[in-house]
Structure formats: C-alpha cells, structure tokens
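**Student:** Produce the entire structure from the sequences given, and follow the hints as far as they go.
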Amino acid sequence: MTDGLSPPMMNGKRAGWRAFDAKPGAEAIGLGLALLAVIAVFSLLSPRFLTLATFDSIAFQLPELGLLTLAMLMPIISGGINLAITFTANICGLTLAWVLHANGGSDAGILAFLLGAILAIGVGTGSGLVTGLVIAYTGAHPILVSLSMMIFLRGLGEFLTRGGDISGFPDFIQPLGHGSLIGLPVPLLILMVAVAIWHVMMSRTRLGFSTYMIGSNIEAARYSGINTKKVLVLIYALSGAMCAIAGIIMVARFNSVRVGHGESYLLITVLACFLGGVNPFGGFGRVLSVVLALIILQVLSSGLNLLGANQHLATALWGLLLVGVMILRWVSGRLGLIMRR
Amino acid sequence: MPKHVVPRLLRAHPTETWLVIVLAVICAGLSLTTTQFLTVANVFNLLNTSSVNLIFAVGLLVVLIAGGIDISFAVAASVVQYVAALALAGIGGGGWLSGLAIAALAGMTLGAVNAALIHYFRIISIVVTIATFNIFFGLLMFFTHGVSIYSLPEWWTRRAVLFEYQQANGTWAELTLPVLIMSVCVIATWVLIRHTTTGRQLYAFGDHPEGAKRLGINIAAMHFIAFGWLGLMAGIGGLVQVHYAQEVVPNALIGRELDVLAAVVLGGARLGGGRGTVLGCILGVFLVSVTQNGLNLLGVSPYAFKMIVGAIILAAISLSSAPLGQMLARGRQRWQS
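Residue numbers (my numbering), protein chains in the order written: chain V, 1 to 341; chain P, 1 to 337.
Everything labelled a hint here was simulated from the structure, so no lab data went into it. From the three backbone atoms N, C-alpha and C, an ideal C-beta is built for every residue, glycine too. Check before you lean on any hint, since a few could be wrong.
To give an idea of the chain P side of the interface with chain V (calculated C-beta under 10 Å), a few residues [claimed, not checked]:
| hint | residue |
| --- | --- |
| 1 | L117 |
| 2 | F136 |
| 3 | M141 |
| 4 | H145 |
| 5 | V147 |
| 6 | I149 |
| 7 | L152 |
| 8 | W156 |
| 9 | F305 |
| 10 | V309 |
| 11 | I313 |
A short list of chain P residues far from chain V (calculated; beta carbon distances all over 10 Å) [unchecked claim]:
| hint | residue |
| --- | --- |
| 12 | L23 |
| 13 | L30 |
| 14 | Q36 |
| 15 | I69 |
| 16 | G90 |
| 17 | S98 |
| 18 | T132 |
| 19 | N134 |
| 20 | I181 |
| 21 | V191 |
| 22 | G199 |
| 23 | A252 |
| 24 | L266 |
| 25 | G272 |
| 26 | S289 |
| 27 | A304 |
**Tutor:** Okay, structure coming up:
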C-alpha cells in the first residue's frame, strides 16, 4: 500500500478489500470470467442465444438500468446513497412531457423537445442539489434524506398526474428509444457516452478523486483541504442530472410517462453496484466493473427470458448471484489472509 | 425540579421531545380546524390503521439498534402471508393461535437466513437484505404467478372488535384486534431492549461491535436475535395485514419497507446502531399517520398526501439536525446560567 496513487488503492479500511485493491483489475477479471461463464451456459442451453436478436434485446433494455445505476454509483462511492433516483427520473420525464404538451403535443417541434430536455435536466439537477445540500449541511444520513426526497417526488408526481399515464408525443423522439445509428441502438450509444464521462470523471478528475476520499474518510478529506460540502452537493446534483437522462430515454422508449415507472429498478441499481465490487461503506469501486456487473445481470435476464422463464425468476437469480459473489469474495479474502501468513 | 424538566428531557431525549412538540402542534391545529379529528372514532381509527406499520417498525428498530439495516422484511412478510395461507388451508383452517405460530416461525426462519449470511460470511446487512429482497420477491412471484388468495379461513378475515363506544351522534367507535396485537408487540419489544441483558448487549453491539466482542458478548446471538425479532414482527405484521385487507396479495407490501424505515429513523433510531427508543419509533409512525389523517380530514386531495408527508420529513430532518440543535444548545446554556 506504499505506492497508493490511484484512488481505489489509497486506503485499507477493511482487510477483506485489500486483496482486490492490491491488484487493480482483479475485480474486473473475475466479473469478466463470470460473464463468459453465463454466456457459455446460455449458448449451450439454447441455440438461439448467440444471435443478433439477443444482442438487440440486451442492448435496448440495458440503457435505462445502466443510466440509473450510474446515478446511484457516485453517491455510494462517496459513502452515501440516493434512493430518489427512479422518481427523479419520473419527474424529469414529466417535465419533458409537460413542455411537449404545452407546445402542441404530438405536433411539437424539435425546439420544444430541446427546451423540454434542458428543463428536465435542470429539474433533475435541482432535486439532486436539494438532496445534496440537506446531506452536506445538516449531517443527516443520506438514506433518510434521499428517502424523504423519494417520498416527496413520488407524491408530487402522483399529485400532478393523478396516477395516470401521459402520452401523445411527437414521432421524432422515437429514435431516442428505438432507433439505431451505425448499427448500434441509440440508447446504448447514449449509455456508452455516459459511461465514458463517468469513468473519466471518477478516475481522472479532482471531483472523482475527492469523491473517493470522502467515501474513505470524510473527516480526513476535510482536513486535507477538500471542500467536502461542495463536493457532496455536486455529487448528488450530478446524480440527479444522470437520472434526468434516464428519464428522457424512458419517455422515448415507452412513448408515455407514468409515475412509478421503473420503480423496481431502484434496488437493482444498488445490487448492480455491490455486484460490481463497490464498497457499501464508500471509498472504493470502479465504473467499468459496475458496467460489467450490469451486463451480467442483463444477459442473465435476457437468457432466462429466451428459455421461457419469466422476469421474476431472473430477479431471484440476481439476488442469489449477489449472495454467491459476496461469499466468493469472503472465501478469497480468507485465502488471502492464510497465504500471507 | 419541575422548572428543569424540559431542558433535562431535551438533553436526554432530544428527538423524542422534539417529535412530541411537533406532534402536539399538529394535533392542536387539527383539533381547532376540524371537528372530527379529536373524536373517539377518529383516534381509534388512527390506532387501527397504524397497527401493521407499528409492528413492522418496532421490529426494524431492534435491527437498527444492533447496527444493521433490513430492506427485505416487508417482502418477507408477504412470503409469510402466502406460506401461512397455504399451511392453514393444509391443516383445515386453524385459528389465531396456530396462525400466529405459523407466521412467527416462518418469519423467524426468513430472519435467520439474513442473520446467517451476515454472520457466517461477514457480508454487511444492506448487501444481504437487498439480495434477499430480490430472492424472496422473485421466488414468491415466480411460484405464485402473482395470483392473490381470497378464500381464507373465516377467523382470519372476520373483524374482531375489542371495545366499542357509541358516540353522541350515534356512530360506533371500534377498537379492533390489530391494536391489541400491536400493543403486545410494542410492549414485548420495549421489555426486550430496555429490561433484559440481551437488550443492553444489543445497544452495546450496535454502538461498537469490536468493543462488544472483546467484552465477551456473543456476536452470533446478537445477529440472530436482532434479525429473528424483526422476522417475528414481520410475520405477525403480515398476518395482521391480511386480517385488515381480507386478502393475500403477493405484492401488496412491496415498498412498505422504505416507508417504515423513514418513520423509524425519523423517530431517532440511528443508522449505524446503538441508538433508538420504542417511544421515538411510535412517535415517528404516528407523525406520518396523523399527518395523513389530518390532510384527509382537511379535505386535501389524497394524491397530495405523500408529497406533503415527504416534505414534512425533509423539513423535520433539516430543522432537527444542525440549526435547531445549535439553537437548543444555546437555549440550554441560557437555562443553566
């Protein structure tokens, strides 16, 4: 631990994690092998698995969950959590829908869409900002703050929509959810750009470094000159902005907005982060490992779908997978300790 | 010294005192603005409707005190409901005693699954319970295909009135069985955490696990007692919820875990362990339900309830944490000087 320069290697808060942190990428290699194993099993079970159709179904379903997981990732690395992500995405979708409807509904022009998208991102950033401000300046636990923000946003959305659907959008937003560009689905491209931005931000910028430091030890970070309050506010604001992108994609994909849509994603995003090796206490975790974990989850669910099982079995398997991976990490941590003696 | 009661209470139980004040202000306001709030029927109604949440809340309180967190208990309660419905049909109906026994056993088993994963593999509770949330819910929906059960034993769904009272206007105010079960659960939890050695050990373990271990506290027992107790409460709460709703719907309780968590933490239980009281827990649950009840009586649209409740919780934590705490501290110094 003497050369601890890259953020994930800076701290040995928990012995169990050191085994992985000592070798950057060990986590990613493990997850890559797991992904290959899942793909191999499904290819053997179903001849239709290794086809373009499967790739398409994965590529179109991954982005919503992926973008929301990115929104969850930063707060968790900082030692917090943002339970308001799904309803923030809903509220942002509502904002976009409202602007489109105010400008002619299905006849709305591209300018109305751009305005709506900008406002949606503003609303997402704003709600994240409020969450961040309360967390940073009152010292209340992020679970409680983001939970009450979630209850508030859910209530606000239900109040505004009376629990109903809003639809009737112009046709040109459809490609955002269903179209393809240079052979790749547009939502997947958006996810890839978002992942790239998040990866660079977390591994190459001051903000990313400060996020890891705050997650490791917020007091030490403060004493070493990091403006922890400002960084916390920024983290939750960025998380909210990412929710807005997810909300916009959801509008385009379903051609409607309903509050509560994607609600079940909330705990799945946390599961994906933990599966991707993010430390639940904060301080450690890599964007690319989490993306690998996401792909594993989606391949598992699409593969089971192909075999005729329903989404609920996939949900149960996701839970079992997380338990299995955590047990394996415990075993390897144990082995690491024995080897060192 | 009666003069010093308030500052002493504030020092010893800041969250509880603060909640009592807020709750008293809300109740006073509602009594003045509505004619129905301060009636026996409405108070009984509040107790009847809060029973299930309060049973869950005291269970979750024990886990929070022991330094854990549980996301899976509401889904576990749904599993218990289904298991109990099937088992009771298997034994030909049963009664409250056999129903409670089955629910308690099934609930504690699911709690023990969480405890075992947490203790033997050293996985932290939020990871374990998010995993078991998905496992329980996925398997429940997979095996039941999301089908509800409506044909339940007669005793289970029949309204059991404990106490009734005819009001001046001729309507009856009724206190029902869930309130009795809730009271027993609340008192049992209070006895467990305040008046037993195990209870003191749970606080000590939650406050400082390593220190508790060096004192010779049995760590495995702590995990199994805390999560077993929550499992027990989840099972009983599930049984009572069916009594109230008169049907078993596999996804009826999903999402309840976060509402209960918000109420318990609002009541002063610390995420991270070692702090929390039954009184705070009761106050947290009632702050939410009194607010909803009051909004209802004031004729506010039901769609706005959650929004207002969320805003109130957000305001409560913002006020009670930093600025108000400092204000109270200054007030305290002035009092003492």
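**Student:** The structure should be examined with respect to each hint, and the outcome stated for every one.
**Tutor:** Now the hints, each set against the structure:
no. : hint : verdict
1   : L117 : holds, 6 Å
2   : F136 : holds, 8 Å
3   : M141 : holds, 4 Å
4   : H145 : holds, 9 Å
5   : V147 : violated, 12 Å
6   : I149 : violated, 17 Å
7   : L152 : violated, 23 Å
8   : W156 : violated, 26 Å
9   : F305 : holds, 7 Å
10  : V309 : holds, 6 Å
11  : I313 : holds, 4 Å
12  : L23  : holds, 17 Å
13  : L30  : holds, 19 Å
14  : Q36  : holds, 23 Å
15  : I69  : violated, 8 Å
16  : G90  : holds, 24 Å
17  : S98  : holds, 29 Å
18  : T132 : violated, 6 Å
19  : N134 : violated, 3 Å
20  : I181 : holds, 27 Å
21  : V191 : holds, 28 Å
22  : G199 : holds, 23 Å
23  : A252 : holds, 15 Å
24  : L266 : violated, 7 Å
25  : G272 : violated, 8 Å
26  : S289 : holds, 14 Å
27  : A304 : violated, 5 Å
The structure fails hints 5, 6, 7, 8, 15, 18, 19, 24, 25 and 27 (numbered hints given earlier, in ascending order).
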